[in-house]
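Sequence order for the protein chains is P and V.
End of the first sequence = 147 in this note's numbering, gap-free, step of one.
End of the second sequence = 147 in this note's numbering, gap-free, step of one.
Note that these hints are calculated values from the structure, not bench results.
Treat the numbers as computed from the prediction; the structure is a model and nothing was measured.
Beta carbons are placed, not taken as given, at the ideal position from N, Cα and C, and that holds for glycine.
A portion of the hints provided could be inaccurate.
To be verified - If the Cβ cut is set under 10 Å, some of the chain P residues that face chain V in the computed set are: (1) M58; (2) G63; (3) A93; (4) L97; (5) S100; (6) M110; (7) F120; (8) G131.
Unchecked claim - Below 30 Å or equal to it, Euclidean Cα-Cα: the simulated BS3-like pairs (lysine-lysine) are: (9) V:K75 - V:K108; (10) P:K36 - V:K36; (11) P:K75 - V:K108; (12) V:K75 - V:K36; (13) P:K108 - P:K36; (14) P:K36 - P:K75; (15) V:K75 - P:K75; (16) P:K108 - P:K75; (17) V:K75 - P:K108; (18) V:K36 - V:K108; (19) V:K108 - P:K36.
To be verified - Covered stretches of chain V, going by a simulated chain P footprint (3 or more residues, C-beta under 8 Å): (20) 44–58; (21) 120–131; (22) 134–145.
2 protein chains.
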Amino acid sequence: MSDFNSVATAFVKFYYDTFDSNRAGLSSLYREESMLSYEGANIRGQVAIVEKLTSLPFTQIRHHIDTFDAQPGLNGSVVVFVTGKLMVDDSPAPLRFCQVFQLVPVPGGQGFFCYNDVFRLVYG
Amino acid sequence: MSDFNSVATAFVKFYYDTFDSNRAGLSSLYREESMLSYEGANIRGQVAIVEKLTSLPFTQIRHHIDTFDAQPGLNGSVVVFVTGKLMVDDSPAPLRFCQVFQLVPVPGGQGFFCYNDVFRLVYG
Numbered sequence: 024m025s026d027f028n029s030v031a032t033a034f035v036k037f038y039y040d041t042f043d044s045n046r047a048g049l050s051s052l053y054r055e056e057s058m059l060s061y062e063g064a065n066i067r068g069q070v071a072i073v074e075k076l077t078s079l080p081f082t083q084i085r086h087h088i089d090t091f092d093a094q095p096g097l098n099g100s101v102v103v104f105v106t107g108k109l110m111v112d113d114s115p116a117p118l119r120f121c122q123v124f125q126l127v128p129v130p131g132g133q134g135f136f137c138y139n140d141v142f143r144l145v146y147g
Numbered sequence: 024m025s026d027f028n029s030v031a032t033a034f035v036k037f038y039y040d041t042f043d044s045n046r047a048g049l050s051s052l053y054r055e056e057s058m059l060s061y062e063g064a065n066i067r068g069q070v071a072i073v074e075k076l077t078s079l080p081f082t083q084i085r086h087h088i089d090t091f092d093a094q095p096g097l098n099g100s101v102v103v104f105v106t107g108k109l110m111v112d113d114s115p116a117p118l119r120f121c122q123v124f125q126l127v128p129v130p131g132g133q134g135f136f137c138y139n140d141v142f143r144l145v146y147g
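Isolated chain P (complex conformation) (with noise of 0.2 Å):
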């Protein structure tokens, strides 16, 4: 088995380089069983869930890292739990946000997808 550590620590690094840099990119880490909740709105599915990722209204993005954690999860899955500030375009105040994935192994298959992803923003 994956240490949970390592698999958390290469998740977070992928996951928000490519969001930042092309977020069309993160298709792969999601399958037709994935949950996003994204301030509120509730997604299900691949498909649904990167056309909700690639409309966001932003041109740039960039992500900084407060804080993650990882626990294992129920049958090889892992928790990882992340803080941190978003830049936005222009905007010249960073946005706090938090982040919660579970990663599960691919069913018959390498390597781990986002079964649940809920992400919030949060305001002071």
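On the provided structure of chain P, position chain V as indicated by the hints.
What follows is chain V alone, placed relative to chain P:
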């Protein structure tokens, strides 16, 4: 199967009401296999988790929930994601926090227990 939104709603109310009134009462939510990551400290098992929660250095605390999201997890489990503010003792300024739980059905029993629990304050 219980509806995951109902499970999450009841859990959030019970958890934060109990945290704010009688932290030792959270014991029933954890089992030997439970994990808590609290501000980066990793704790495993019911006894150690309750010891951690009851030894946190404040006398009075009050949680205010700003958002909560729920998703079904694997095998009948429920992912619960909360953001909010907490007031500690006589501190005038609320602290922002976010927390995720994965609730798993009690094996051969009734109800759910906290398998995963990750808590972070959000500064900034």
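Hint by hint, here is what the structure shows:
With 10 Å as the threshold, the beta carbon of P:M58 comes within range of chain V, its nearest partner Cβ sitting at about 5 Å, so the hint holds. Given the 10 Å rule on beta carbons, the hint for P:G63 holds: about 7 Å separates it from the nearest Cβ of chain V. This hint holds: P:A93 has a C-beta 8 Å from the nearest C-beta of chain V, less than the 10 Å allowed. A distance limit of 10 Å between C-beta atoms decides the matter here; for P:L97 the minimum to chain V is near 5 Å, and the interface restraint holds.
At a threshold of 10 Å, the smallest CB-CB gap from P:S100 to chain V is about 6 Å, leaving the interface hint in force. Because the smallest distance between the Cβ of P:M110 and any Cβ of chain V comes to about 13 Å, over 10 Å, the interface hint for this residue is violated. The closest approach between the C-beta of P:F120 and any C-beta of chain V is roughly 9 Å, which is under the 10 Å cut-off, so the hint is satisfied. For P:G131, the interface hint is violated, the least distance from its beta-carbon to any beta-carbon of chain V being 16 Å, above 10 Å.
With a C-alpha separation of about 20 Å, the suggested pair V:K75 and V:K108 falls inside the 30 Å cut-off, and the hint holds. Restraint check for P:K36 and V:K36: not satisfied, since their Cα atoms lie roughly 35 Å apart, outside the 30 Å limit. Proximity of P:K75 to V:K108 is assessed by CA-CA distance (about 28 Å); at most 30 Å being required, the pair is judged to hold. Distance hint between V:K75 and V:K36 is fulfilled; the C-alpha atoms sit about 21 Å from each other, no more than 30 Å.
Restraint check for P:K108 and P:K36: satisfied, since their Cα atoms lie roughly 15 Å apart, inside the 30 Å limit. Between the alpha carbons of P:K36 and P:K75 the distance comes to roughly 21 Å, so the proposed pair stays at or under 30 Å and holds. For the hint linking V:K75 to P:K75, the alpha-carbon distance of about 40 Å lies beyond 30 Å, and the restraint is violated. Among the hinted pairs, P:K108 with P:K75 is consistent with the structure: their alpha-carbon atoms are about 20 Å apart, no more than 30 Å.
Only pairs whose Cα atoms come within 30 Å are accepted, and V:K75 paired with P:K108 is accepted, the gap being roughly 28 Å. Distance restraint check for V:K36 and V:K108: the Cα-Cα separation of roughly 15 Å lies within the 30 Å cut-off, and the hinted pair is therefore satisfied. Restraint check for V:K108 and P:K36: the C-alpha separation of about 29 Å stays at or below 30 Å, so the hint holds. Coverage of a stretch by a chain is defined here by at least three residues with a beta carbon nearer than 8 Å to that chain's beta carbons; for the segment 44–58 of chain V and chain P the count is 1, and the condition is violated.
Counting residues of the segment 120–131 of chain V whose beta carbon lies closer than 8 Å to any beta carbon of chain P gives 4, which reaches the threshold of three, so the coverage claim holds. Interface restraint, the segment 134–145 of chain V with chain P: holds (5 residues with C-beta to C-beta distance below 8 Å; minimum three).
The structure fails hints 6, 8, 10, 15, 20 (numbered hints given earlier, in ascending order).
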